[in-house]
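Per the working numbering: the sequence shown = residues 96 to 317.
Hints listed in this document are in silico derivations from the structure and should not be mistaken for laboratory results. A couple of the hints might just be wrong.
Below, simulated DMTMM-like cross-link-like pairs (lysine to aspartate or glutamate); rule was C-alpha separation at most 20 Å, straight line [as the list claims (entries may be wrong)]: (1) Lys-171 to Glu-137; (2) Lys-286 to Asp-303; (3) Lys-172 to Glu-271; (4) Lys-172 to Glu-265; (5) Lys-204 to Glu-314; (6) Lys-171 to Asp-109; (7) Lys-286 to Glu-265; (8) Lys-101 to Glu-198; (9) Lys-171 to Glu-182; (10) Lys-98 to Glu-137; (11) Lys-204 to Glu-182; (12) Lys-101 to Glu-228; (13) Lys-101 to Glu-164; (14) Lys-286 to Glu-271.
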Amino acid sequence: MFKAEKVSFVTLDDVTIVGDVYRGTGHGPAALLLHMMPAIKESWSSFANVLLSQGFKIILAIDLRGHGESQLQTDKKLDFLEFSDQEHQLKIRDVITAVSWLEEQGATKDRLALIGASIGANLSIAYGAMNPEIPAVVALSPGLNYRGVTTEDKMSAYVGRALYLVASAEDTYSLETNQRLAALYSGATLKELNQVGHGTAMFDQSPDLMSEVAAWLIERVN
Numbered sequence: 096m097f098k099a100e101k102v103s104f105v106t107l108d109d110v111t112i113v114g115d116v117y118r119g120t121g122h123g124p125a126a127l128l129l130h131m132m133p134a135i136k137e138s139w140s141s142f143a144n145v146l147l148s149q150g151f152k153i154i155l156a157i158d159l160r161g162h163g164e165s166q167l168q169t170d171k172k173l174d175f176l177e178f179s180d181q182e183h184q185l186k187i188r189d190v191i192t193a194v195s196w197l198e199e200q201g202a203t204k205d206r207l208a209l210i211g212a213s214i215g216a217n218l219s220i221a222y223g224a225m226n227p228e229i230p231a232v233v234a235l236s237p238g239l240n241y242r243g244v245t246t247e248d249k250m251s252a253y254v255g256r257a258l259y260l261v262a263s264a265e266d267t268y269s270l271e272t273n274q275r276l277a278a279l280y281s282g283a284t285l286k287e288l289n290q291v292g293h294g295t296a297m298f299d300q301s302p303d304l305m306s307e308v309a310a311w312l313i314e315r316v317n
């Protein structure tokens with residue numbers, strides 16, 4: 096198991112974001128991991144190690160604002176349980192700053208994958224739509240609208256890029272979201288599982304999914 100190194104950086108609106116960085120060797124690509132609610136960055140530790148074993152060089156998992164260790168904005172404490180939808184939407188700033196930090200480490204957007212779960216999936220899709228250089232996004236249990244972070248309107252930006260949409264059959268909202276997104280973007284890859292839960296819980300219930308996602312990514316980002 097590769098051990099994580101703790102890092103932190105500050106967003107443009109003065110939120111201190113804390114992350115776990117996992118470093119591999121060689122010249123592989125980078126990945127940014129965005130958790131679901133109420134999870135934290137450590138929910139990605141097993142998957143980060145699988146990515147490293149597949150050849151990724153650097154992986155960053157962050158606590159989004161109001162979660163885990165990312166609870167300080169200047170001298171104010173943040174708690175996601177008290178967030179308005181607008182405050183949840185500001186999490187995109189955490190993603191922007193995290194990517195900038197990865198670039199400072201030598202990563203480039205054209206060799207960067209975004210992987211998110213639930214609202215983290217929506218944020219990954221949203222950031223990918225804003226940055227056409229991003230070659231691949233994996234969305235575990237996305238929704239059409241999580242706290243105002245929308246996905247349906249982002250599909251027009253996904254021309255010629257890799258998008259992997261995963262949901263479990265009993266998670267009807269996410270499953271129907273994936274079907275809708277795939278109808279809007281024919282380049283999307285759909286993965287439907289059964290009785291494995293939501294977001295990163297799917298990795299716990301279906302460990303082979305981690306290897307499948309990692310192998311899919313390395314072919315498209317490396």
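Status of each hint after checking the structure:
1. For a cut-off of 20 Å, the pair hint linking Lys-171 to Glu-137 is broken: about 24 Å separates their Cα positions.
2. Pair hint Lys-286 plus Asp-303 holds up; C-alpha atoms about 13 Å apart against a cutoff of 20 Å.
3. Between Lys-172 and Glu-271, the direct Cα distance comes to roughly 36 Å. Violation of the 20 Å bound is thereby established for this hinted pair.
4. For the hint pairing Lys-172 with Glu-265, the CA-to-CA distance comes to about 36 Å; that exceeds 20 Å, so the pair is violated.
5. Proximity of Lys-204 to Glu-314 is assessed by CA-CA distance (about 16 Å); at most 20 Å being required, the pair is judged to hold.
6. Taken as a hint, the Lys-171 and Asp-109 pair is honoured in the structure, with Cα atoms around 10 Å apart against an allowance of 20 Å.
7. Taken as a hint, the Lys-286 and Glu-265 pair is honoured in the structure, with Cα atoms around 13 Å apart against an allowance of 20 Å.
8. Taking the CA atoms of Lys-101 and Glu-198, the gap is about 17 Å. The hint holds against a cut of 20 Å.
9. At roughly 14 Å between alpha-carbon atoms, Lys-171 and Glu-182 fall within 20 Å of each other, so this suggested pair holds.
10. With a C-alpha separation of about 11 Å, the suggested pairing of Lys-98 with Glu-137 holds against the 20 Å cut-off.
11. Annotation: proposed proximity of Lys-204 to Glu-182 is violated, straight-line Cα distance about 26 Å (limit 20 Å).
12. A C-alpha spacing of about 27 Å is found between Lys-101 and Glu-228, which places the hinted pair above 20 Å, so the restraint is violated.
13. For the hint linking Lys-101 to Glu-164, the alpha-carbon distance of about 10 Å falls within 20 Å, and the restraint holds.
14. For the hint linking Lys-286 to Glu-271, the alpha-carbon distance of about 12 Å falls within 20 Å, and the restraint holds.
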